[in-house]
Amino acid sequence: MENLMTACCSECTHSPSQPCPDYIKCRTEGPICHDSEACRQKRQQLMDKVQVSPDKPHRRVLVCAGTGCISSGSRDVYNRMEAAVKEAGIDDCEVSITGCHGFCEQGPIVIIEPEGIFYGGVGADDVEEIVEKQLKNGEPVERLLYTEPTSGEKDKYYRDIMFYKKQERMVLKNCGHINPEKIDEYIITGGYRGLVKALTEYKPEEVIEEVKTSGLRGRGGGGFPTGLKWQFTAQAEGDQKYVVCNADEGDPGAFMDRSILEGNPHSVIEGMIIAGYAVGANEGYVYVRAEYPLAIKRLEIAIAQAEQYGILGDNIFDSGFSFKLRIKAGAGAFVCGEETALLNSIQGERGMPRVRPPFPANKGLWGKPTLLNNVETYANVPIIMEHGGRWYASRGTEKSKGTKVFALTGKVNNTGLAEVPMGITLREIIFDIGGGIKEGKQFKAVQIGGPSGGCLPAEKLDLPIDYDSLIDAGAMMGSGGLVVMDETTCMVDLARFFLTFTQNESCGKCTPCREGTKRMLEILTRITEGEGKEGDIETLERLAKSVKNTALCGLGQTAPNPILSTLRYFRDEYKAHIEKKWCPAGVCSALTVYKIDPDKCKGCTKCAKVCPVSAIKGEPKEVHEIDPEVCTKCGTCMENCKFEAIYKG
Amino acid sequence: MSDKVTLTIDGQQVTVPAGTTVLQAARMAGIEIPTLCHDPELTSPGACRLCVVEIEGMRNLPASCVTTAGDGMVVRTNSPDVIEARKTIIELLLANHPEDCLTCERTGQCRLQEYAYHYGVKGDTFHGERKQFPIDDSNPFIVRDMNKCIRCGKCVRVCEEVQGRSIYSFAYRGFDTIPATAMDTPLAESECVFCGSCVSVCPTGALTEKMMHGVGRSWELEKVKTTCPYCGVGCNFDLNVKDGKVVGVTSNAEAEVNGRALCVKGRFGYNFIHHPDRLTKPLIKKNGEFQEATWEEAINLVAEKFKEIKQEHGPDALAVFTSARCTNEENYLANKFARAVLGTNNIDHCARL
Numbered sequence: 001m002e003n004l005m006t007a008c009c010s011e012c013t014h015s016p017s018q019p020c021p022d023y024i025k026c027r028t029e030g031p032i033c034h035d036s037e038a039c040r041q042k043r044q045q046l047m048d049k050v051q052v053s054p055d056k057p058h059r060r061v062l063v064c065a066g067t068g069c070i071s072s073g074s075r076d077v078y079n080r081m082e083a084a085v086k087e088a089g090i091d092d093c094e095v096s097i098t099g100c101h102g103f104c105e106q107g108p109i110v111i112i113e114p115e116g117i118f119y120g121g122v123g124a125d126d127v128e129e130i131v132e133k134q135l136k137n138g139e140p141v142e143r144l145l146y147t148e149p150t151s152g153e154k155d156k157y158y159r160d161i162m163f164y165k166k167q168e169r170m171v172l173k174n175c176g177h178i179n180p181e182k183i184d185e186y187i188i189t190g191g192y193r194g195l196v197k198a199l200t201e202y203k204p205e206e207v208i209e210e211v212k213t214s215g216l217r218g219r220g221g222g223g224f225p226t227g228l229k230w231q232f233t234a235q236a237e238g239d240q241k242y243v244v245c246n247a248d249e250g251d252p253g254a255f256m257d258r259s260i261l262e263g264n265p266h267s268v269i270e271g272m273i274i275a276g277y278a279v280g281a282n283e284g285y286v287y288v289r290a291e292y293p294l295a296i297k298r299l300e301i302a303i304a305q306a307e308q309y310g311i312l313g314d315n316i317f318d319s320g321f322s323f324k325l326r327i328k329a330g331a332g333a334f335v336c337g338e339e340t341a342l343l344n345s346i347q348g349e350r351g352m353p354r355v356r357p358p359f360p361a362n363k364g365l366w367g368k369p370t371l372l373n374n375v376e377t378y379a380n381v382p383i384i385m386e387h388g389g390r391w392y393a394s395r396g397t398e399k400s401k402g403t404k405v406f407a408l409t410g411k412v413n414n415t416g417l418a419e420v421p422m423g424i425t426l427r428e429i430i431f432d433i434g435g436g437i438k439e440g441k442q443f444k445a446v447q448i449g450g451p452s453g454g455c456l457p458a459e460k461l462d463l464p465i466d467y468d469s470l471i472d473a474g475a476m477m478g479s480g481g482l483v484v485m486d487e488t489t490c491m492v493d494l495a496r497f498f499l500t501f502t503q504n505e506s507c508g509k510c511t512p513c514r515e516g517t518k519r520m521l522e523i524l525t526r527i528t529e530g531e532g533k534e535g536d537i538e539t540l541e542r543l544a545k546s547v548k549n550t551a552l553c554g555l556g557q558t559a560p561n562p563i564l565s566t567l568r569y570f571r572d573e574y575k576a577h578i579e580k581k582w583c584p585a586g587v588c589s590a591l592t593v594y595k596i597d598p599d600k601c602k603g604c605t606k607c608a609k610v611c612p613v614s615a616i617k618g619e620p621k622e623v624h625e626i627d628p629e630v631c632t633k634c635g636t637c638m639e640n641c642k643f644e645a646i647y648k649g
Numbered sequence: 001m002s003d004k005v006t007l008t009i010d011g012q013q014v015t016v017p018a019g020t021t022v023l024q025a026a027r028m029a030g031i032e033i034p035t036l037c038h039d040p041e042l043t044s045p046g047a048c049r050l051c052v053v054e055i056e057g058m059r060n061l062p063a064s065c066v067t068t069a070g071d072g073m074v075v076r077t078n079s080p081d082v083i084e085a086r087k088t089i090i091e092l093l094l095a096n097h098p099e100d101c102l103t104c105e106r107t108g109q110c111r112l113q114e115y116a117y118h119y120g121v122k123g124d125t126f127h128g129e130r131k132q133f134p135i136d137d138s139n140p141f142i143v144r145d146m147n148k149c150i151r152c153g154k155c156v157r158v159c160e161e162v163q164g165r166s167i168y169s170f171a172y173r174g175f176d177t178i179p180a181t182a183m184d185t186p187l188a189e190s191e192c193v194f195c196g197s198c199v200s201v202c203p204t205g206a207l208t209e210k211m212m213h214g215v216g217r218s219w220e221l222e223k224v225k226t227t228c229p230y231c232g233v234g235c236n237f238d239l240n241v242k243d244g245k246v247v248g249v250t251s252n253a254e255a256e257v258n259g260r261a262l263c264v265k266g267r268f269g270y271n272f273i274h275h276p277d278r279l280t281k282p283l284i285k286k287n288g289e290f291q292e293a294t295w296e297e298a299i300n301l302v303a304e305k306f307k308e309i310k311q312e313h314g315p316d317a318l319a320v321f322t323s324a325r326c327t328n329e330e331n332y333l334a335n336k337f338a339r340a341v342l343g344t345n346n347i348d349h350c351a352r353l
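First to last, the protein sequences are chains A and B. Take the first sequence: its letter number 589 is residue 589 in this note's numbering, and every next letter is one higher. Take the second sequence: its letter number 225 is residue 225 in this note's numbering, and every next letter is one higher.
Everything labelled a hint here was simulated from the structure, so no lab data went into it. Computed from a prediction, not measured in an experiment: that's the story for all the values here. All C-beta atoms in this analysis are idealised placements derived from N, C-alpha and C, irrespective of residue type, glycine included. Any given hint could turn out to be false.
Stated by the list, open to error - DSS-like mimics (lysine-lysine), calculated; alpha carbons at most 30 Å apart, straight line:
| # | chain 1 | residue 1 | chain 2 | residue 2 |
| --- | --- | --- | --- | --- |
| 1 | A | Lys363 | B | Lys4 |
| 2 | A | Lys575 | B | Lys122 |
| 3 | A | Lys56 | A | Lys203 |
| 4 | A | Lys548 | B | Lys131 |
| 5 | A | Lys581 | A | Lys621 |
| 6 | B | Lys225 | A | Lys548 |
| 7 | A | Lys533 | B | Lys122 |
| 8 | A | Lys533 | B | Lys310 |
| 9 | A | Lys545 | B | Lys87 |
| 10 | A | Lys545 | B | Lys122 |
| 11 | B | Lys87 | A | Lys575 |
| 12 | B | Lys131 | A | Lys545 |
| 13 | A | Lys173 | A | Lys399 |
| 14 | B | Lys310 | B | Lys285 |
| 15 | A | Lys368 | B | Lys286 |
Unchecked claim - In silico negatives: residues of chain A with every beta carbon more than 10 Å from chain B:
| # | residue |
| --- | --- |
| 16 | Glu94 |
| 17 | Asn504 |
| 18 | Glu505 |
| 19 | Glu515 |
| 20 | Val613 |
| 21 | Glu625 |
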């Protein structure tokens, strides 16, 4: 038997051409259509290759093939590993690719199962040593083990690493552990059970009830109750309905949707089929940005395999329900993540938001009732169907259930994707999972929710994170971007950065967003260039309020959030820029002056030599001086001073 | 669902048919709400946001042109927040608009000018970048000055929804967004047929009639309703008359047959009216040269000639050729004349212009 689809013997009656409700069960627990120990063993052998355990001989070497690891060379690692294992004659060991582990900065990552040994930063040249020591002799390759940034200790096992310890990986559970290009591995690890259950044991309205019971809310940012959205779409009148998946992940720094599609595409497909069944839709679209070629490729493979297995197509599992799925590659406009703009884009029109209501549930794709959810939302659905809504609702906080994947980036020791239970505090994410601030610097703020979100200061570190607490604090869940900032980040400059983004990405349809973000950006730019003037803060506030109140779509309405939240928590920093012409973080070059500390300067002349504009004068062995008129504030002198005598003030 | 809803607008109870927008309901109650992108004959994009109002229980300030009136709704069209928001929107539009109302062709009938005046907004709130587009006067009919465009998108919609030509579409993003032709070429190089519908809906001076530039201010022009002489459709429009001379044609939404729609000939082909080459008296060729004659002379001569031909060669030697510029009634008479008077079935018409 090559794969699960192959019949075990001529007596097997299950095949994709003969749809049957017991298909998945027969393939994983069977055969159930006839009794044969030999057939059972054949299936078990297939399963054992994927579900390795310490009491069995089979081992797996998993080489991460997520976008991050591939770009740091994991393809070479995989090729070398496969050849080396073969050469060494180890036959009870399979070398396989996996999706993303979320810890991309440690890439390329190699995991040895069943032990769960974690190797980071593995190069092709390290492969021989891993094979020799680890696979042949069972000794770990110490130098490739992960070192905790706080304690300095080495972790041998995946499970011991602080980055993973506080995580609760439900949606990402399979990412990094199964081969995303093999549907068998998804099925063997429990995949498509939720779909079978939905199609064979539930009526569509019961599926919706289950999702409502789970308390699942939209993971794309808005946090709208998913079950309610499904109900609206199910109740909407229409001869044709659609299910659409929003995979147009556009927030800078967020890549959880990409990781799910790359690492576990079948979970999204399964969620979408269940959704289609619940709302009465037979066609679905996944809208993925074209900048995610690997996600598109893996999704294409997954769809083709699901079609081959009869999981997508007509009369799925003999339930009478049919579902087709197509991919639409988006051209990368940020606004196409807005649901109505996304629908326009699928229709071949310019991605500009439509007025709501009517909501897509009533009038969506081609004017038909359409269910639109985000990748992560759909990926949660099979879990809910398999374990039940009540089980799911037991996780998280009162109003925000389950887990959320955050993309942790910025000035934090461990960056990557972290799936955490709702209600966890920012402190736990940043200091436990994230391992604290880089280079021992001070935490200053964390930007949550991408360009639509807000910045929260240190006093909000103990805030339990859920949809509502974040809104109250002036931020939002968004798609789950978490950018950590330390004392060297200027909040005005940060607001300017986000406004540059929203202005560039504004679709231009409504006046407040098109013109308002432009003027806010101009004011912020002026302030960071030292030309801020009295009244600027008030003008910013007035404009921000108007844009928030009057913009057409969610993107415009939330575009002023970076300004409003930084003004709320870091108003003094704005004032310092405007009134004292001083950038406290030393970021805005027009507002900083490089100075030499006479007590520390040894007169080594290095700074004078490296200065590209000859702004530094001084005799050897005497204190040097920087001419502020000539200095271009490039910072080269500071980088090169061995005595740390140069500072910004 | 009841077919009527009752809502309160500025303290006034208004009962309107279900499905009416808040904007329509307000207008039915005599309450004016400013609009730039809204047009009753086109779909509503809710884009300019000038018509925002405050509705109790609703988040933010919804645009009244796309908000359906609901039973029991309490709407305020002039609360401080609403006025503030409208002022800001006008300020933002003016910040990227030339301040040349003194010489602008649209002065006096420009919606932006009207609202700026009404809300007391001056153009000096924001001093930032202004777009500098070259003016497109590549064609004889329409001047397209994108510096004056406020991106309301009416030109895009009228061309697509009424004319079915889709010459314009929005292009670029953010502050750079403009309605543009395919590949952003000048109008002359596009597929435009110059019906001028876009000019008729443009609320500012971004699209203007080229031949009307400098011929008179809007308040100096007398509008004379007339029927287009070009074809039998019978479109109505307004001749713009100054000092007894026709200086332009503008369409009139009240026109029963055509509304604001006209073709390039009706809207722009009026130069013949005062053209020196235009024939105003009958001419008879005598001794090889045309000489002025009276109508009686001319008609008698033609009748004589018809008789001679008919007698000499029979009625089928004659043919009548009529024109689509004639009305149905005129064409019917010509048909009668051919068959009953001349006695021939040789009658046809040009069918097109």
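Q | Val613(A) remote from chain B - nearest C-beta pair above 10 Å | A | 30 Å, holds
(Q) Just want to verify: Glu94(A) was marked as not at the interface with chain B; is every Cβ pair farther apart than 10 Å? (A) 48 Å, holds
Q. Hey, Lys56(A) versus Lys203(A), does the alpha-carbon distance stay inside 30 Å?
A. 41 Å, violated
(Q) Holds or violated: Lys533(A) and Lys310(B), Cα atoms, limit 30 Å. (A) 94 Å, violated
Q) Is the hinted pair Lys131(B) and Lys545(A) satisfied, with a Cα-Cα distance of at most 30 Å? A) 25 Å, holds
Q. Does the claim that Glu505(A) lies off the interface hold, with its Cβ farther than 10 Å from every Cβ of chain B?
A. With a cut-off of 10 Å, Glu505(A) comes too close to chain B, as the shortest Cβ separation is near 7 Å.
Q.
Run the distance test for Lys87(B) versus Lys575(A): straight-line Cα separation, threshold 30 Å.
A. 27 Å, holds
Q) Lys173(A) and Lys399(A): Cα distance at most 30 Å? A) 23 Å, holds
Q: Could you check that no beta carbon of chain B comes within 10 Å of the beta carbon of Glu625(A)?
A: Check passes; 38 Å lies beyond 10 Å.
(Q) Between the alpha carbons of Lys548(A) and Lys131(B), is the straight-line distance 30 Å or under? (A) Satisfied, since the Cα-Cα distance of roughly 24 Å is no more than 30 Å.
(Q) Against the 30 Å threshold, does the CA-CA distance of Lys545(A) and Lys122(B) hold or violate the hint? (A) 20 Å, holds
Q: Take a quick look at whether Lys310(B) and Lys285(B) sit within 30 Å of each other, Cα to Cα.
A: 22 Å, holds
Hints 3, 5, 6, 8, 15, 17, 18, 19 from the earlier list are contradicted by this structure; the remaining hints agree with it.
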